[in-house]
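Engineer: Can you make the complete structure from the sequences, with help from the hints?
Number of protein chains: 2
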Amino acid sequence: MKIIVQKFGGTSVANSKKIRRAAERVIDAIERGYKVVVVASARGKLTDELIADARKLNPNPPAREMDQLLSTGEIQTVALFAMALEHMGHGAISFTGGQIQMVTDNDHSKARIKSIDTMRMREELESGKVVLVAGFQGVDESGNITTLGRGGSDTSAVALAAALEAEECEIYTDVDGIYTTDPRKFKRAVKMEQISYDEMLELASLGAGVMHSRAIEFGKKYNVRIHVRSSSENKNGTLITHEVPQMEEVLVSGATIEKEMAKLSLIGVANKPGNAAKIFAHLAHAKVIVNDIVQTEVSTKKANLSFTTSTSDLAAAKKAIEDIKEEIECENVFVRDDIAEISVVGVGMRSHYGVAEKLFGALSKAKVNIDSITTSEIRISCIVDDHQGEMALEAVCVAFELDKPVAERSK
Amino acid sequence: MKIIVQKFGGTSVANSKKIRRAAERVIDAIERGYKVVVVASARGKLTDELIADARKLNPNPPAREMDQLLSTGEIQTVALFAMALEHMGHGAISFTGGQIQMVTDNDHSKARIKSIDTMRMREELESGKVVLVAGFQGVDESGNITTLGRGGSDTSAVALAAALEAEECEIYTDVDGIYTTDPRKFKRAVKMEQISYDEMLELASLGAGVMHSRAIEFGKKYNVRIHVRSSSENKNGTLITHEVPQMEEVLVSGATIEKEMAKLSLIGVANKPGNAAKIFAHLAHAKVIVNDIVQTEVSTKKANLSFTTSTSDLAAAKKAIEDIKEEIECENVFVRDDIAEISVVGVGMRSHYGVAEKLFGALSKAKVNIDSITTSEIRISCIVDDHQGEMALEAVCVAFELDKPVAERSK
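Here the protein sequences come in this chain order: A and B. Using the numbering used here, the first residue of the first sequence is number 1, and each one after it goes up by one. Using the numbering used here, the first residue of the second sequence is number 1, and each one after it goes up by one.
Hints are not guaranteed to be accurate.
Same chains, same names: a pair is fine if it fits in one copy or spans any two.
Below 30 Å or equal to it, Euclidean Cα-Cα: the simulated DSS-like pairs (lysine-lysine) are [as the list claims (entries may be wrong)]:
id, residue 1, residue 2
1, Lys365, Lys185
2, Lys220, Lys301
3, Lys411, Lys220
4, Lys129, Lys56
5, Lys56, Lys235
6, Lys129, Lys114
7, Lys45, Lys325
8, Lys187, Lys319
For the record, the hints were derived by calculation from the structure and aren't laboratory data. These numbers come from a predicted model, not from an experiment.
Structural biologist: Below, the structure is given as structure tokens:
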């Protein structure tokens with residue numbers, strides 16, 4: 001049985017017309033010879049509306065009840081989607097997370113999938129029906145409804161593709177694939193034909209987020225081919241897949257910019273065990289999301305520690321640091337809220353020299369000042385002045401030829 | 001464990017304010033020493049909106065998917081209701097029909113309850129929580145979601161009360177109880193303190209429908225005290241219960257009028273086996289709801305047969321009869337669409353003479369012409385001219401003293 005999983009996000013099923021258009025994508029796949037499993041999100045803004053309804057009754061609603069409430073949005077979509085397919089001449093059956101035994105842990109609002117029972121789905125697929133599964137939701141071992149958190153429907157889809165050994169998991173969205181950089185920031189960005197899970201993970205965590213990183217991690221772990229494509233037109237998008245040799249020939253696959261960043265530098269912190277842990281525990285408690293961290297020793301007893309966060313978390317971060325400033329013996333705190341982060345990502349970096357040189361060269365030529373640098377195995381990020389951000393991104397994109405298809409770039 | 005089941009209809013939970021008010025009724029019961037199980041319907045007009053969404057995609061949606069879709073409305077209500085209770089300081093947990101194993105047959109959109117697993121509910125009640133159950137829904141033995149049809153939440157509530165051996169099942173609604181007749185038609189109608197299941201069944205089927213007849217049948221079968229009361233004020237309503245001796249002292253408990261009725265009289269139909277079956281099979285096929293049927297023999301070979309229906313079904317009924325007129329050898333068809341039906345109901349009729357005499361006397365004194373008469377063991381109905389309907393109802397109510405509490409009526 002040749003199975004394909006197709007996932008449609010909330011904007012792709014927001015109204016009857018869009019549901020019918022999504023159903024056409026399903027019928028295309030049937031005509032290509034596939035048995036189709038559809039995963040869908042709640043329609044349009046429904047989830048936000050339900051959250052608002054809940055907060056009117058309880059500003060801090062119990063997570064179990066919130067999951068019970070929110071799970072209904074996706075159930076509505078798949079039932080309606082099944083009706084549309086039936087009307088278009090294709091047998092279809094919809095399931096809740098519970099009905100296919102998508103079993104998760106009981107960590108409500110951010111549950112993790114433990115197992116999926118594929119028997120019922122396989123039966124229905126074999127009988128010729130399209131199987132539709134409400135995304136974002138599961139059940140714990142006591143039958144309580146759980147939800148998988150942000151990007152949960154992507155995770156449902158990839159997990160189902162893994163469990164059903166599907167040939168591909170198609171993620172339908174309102175963009176037609178993954179671009180070398182955000183086309184709103186750099187007009188000449190080009191669509192990638194393929195990208196590795198690791199590159200996509202770096203890009204997802206850097207805010208290029210067409211897909212949530214948990215879904216990509218799942219895909220990597222279970223070797224699921226993920227195809228990100230447009231729900232409004234029937235053409236190939238970008239394939240997220242395992243690294244293949246030709247990927248390594250490309251130095252840099254994509255570049256990103258993150259704006260509205262802030263950097264806090266803690267000067268002269270006592271360099272003793274537990275201080276860093278104390279700082280970041282305090283920040284986590286204040287719900288500050290920390291991006292990059294850099295620490296440098298300035299003497300045997302003192303270190304400078306800096307970290308970046310979004311400007312929206314800056315006030316909370318400043319307060320959190322102020323509270324423990326004495327305890328960690330911090331001499332001074334410098335804050336910058338006028339910065340942006342430019343990153344380049346590529347698995348080719350692992351085996352090629354010269355990426356850093358080329359990056360810094362491009363920034364230097366564009367007269368962009370670099371505040372600080374962090375790296376991972378397949379990523380280099382630079383903090384630059386916010387007002388130079390777009391210019392910096394463009395310089396980097398041009399340097400790494402991100403405005404050209406891979407085949408046309410210089411070797 | 002002293003358990004009470006409280007059911008809130010869609011208008012009683014239409015918005016946050018109303019959900020909070022309903023939650024106050026729950027807290028009242030907790031303070032009266034009860035463990036409380038709440039059954040709730042979908043908020044306001046949500047079910048109608050979902051049906052409209054479905055029809056846009058499929059004018060004739062598959063019943064299984066329709067049930068899957070509609071079941072979400074009630075789940076939303078109970079989750080929100082639980083959040084409200086938590087915020088008001090009372091532990092609460094909501095369940096779908098499936099989560100408490102409300103098992104039904106698989107007759108989608110009008111499923112019948114087969115069994116309920118009370119274990120989980122009992123555990124939660126014992127731990128001090130309010131248990132909230134989504135009304136109107138169950139699951140079949142394969143885990144497909146089913147719905148119980150019109151008035152389904154009433155049925156869920158009464159069935160839960162039976163399964164949990166609750167002391168009472170309270171049906172909260174926008175009226176404060178059952179009246180001797182419709183107060184909009186006869187201003188001096190009085191609220192009944194109690195009424196028997198059988199009387200309520202006759203009244204429900206006659207359109208006085210505060211509650212659906214299936215729920216009342218369930219209550220009768222499993223001996224559940226049903227208390228119909230107002231969701232907006234905390235005072236006693238009407239108790240629906242088994243017949244008690246004093247009920248028999250009352251000749252007539254209530255009276256009803258059904259307007260917008262039509263009567264078709266089939267004259268000179270061949271009086272042979274199978275003809276009546278043929279007629280009503282044909283009407284059922286045309287989805288005509290038939291009320292009363294009267295047949296009289298006019299010769300050894302011929303009979304006159306008449307039946308009533310609502311004026312909205314008249315066109316379909318006329319067409320259905322026209323189609324088989326020759327086959328049943330019907331000589332002529334007379335149609336009246338200017339009639340109303342007046343009925344009086346009372347278990348006292350079983351053991352008392354004179355109800356018919358009193359009824360016909362009252363109508364005669366009011367100069368109301370009686371077209372035809374039908375009876376059951378505890379009901380007498382008369383077809384009268386539509387324009388005399390309200391006058392006839394008033395005459396009947398006065399004759400049977402339905403404007404006075406039972407204790408004040410003449411013996």
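Engineer: Can you give the numbers of the hints that this structure goes against, from lowest to highest?
Structural biologist: When the structure is compared with the hints, numbers 2, 7, 8 turn out to be violated.
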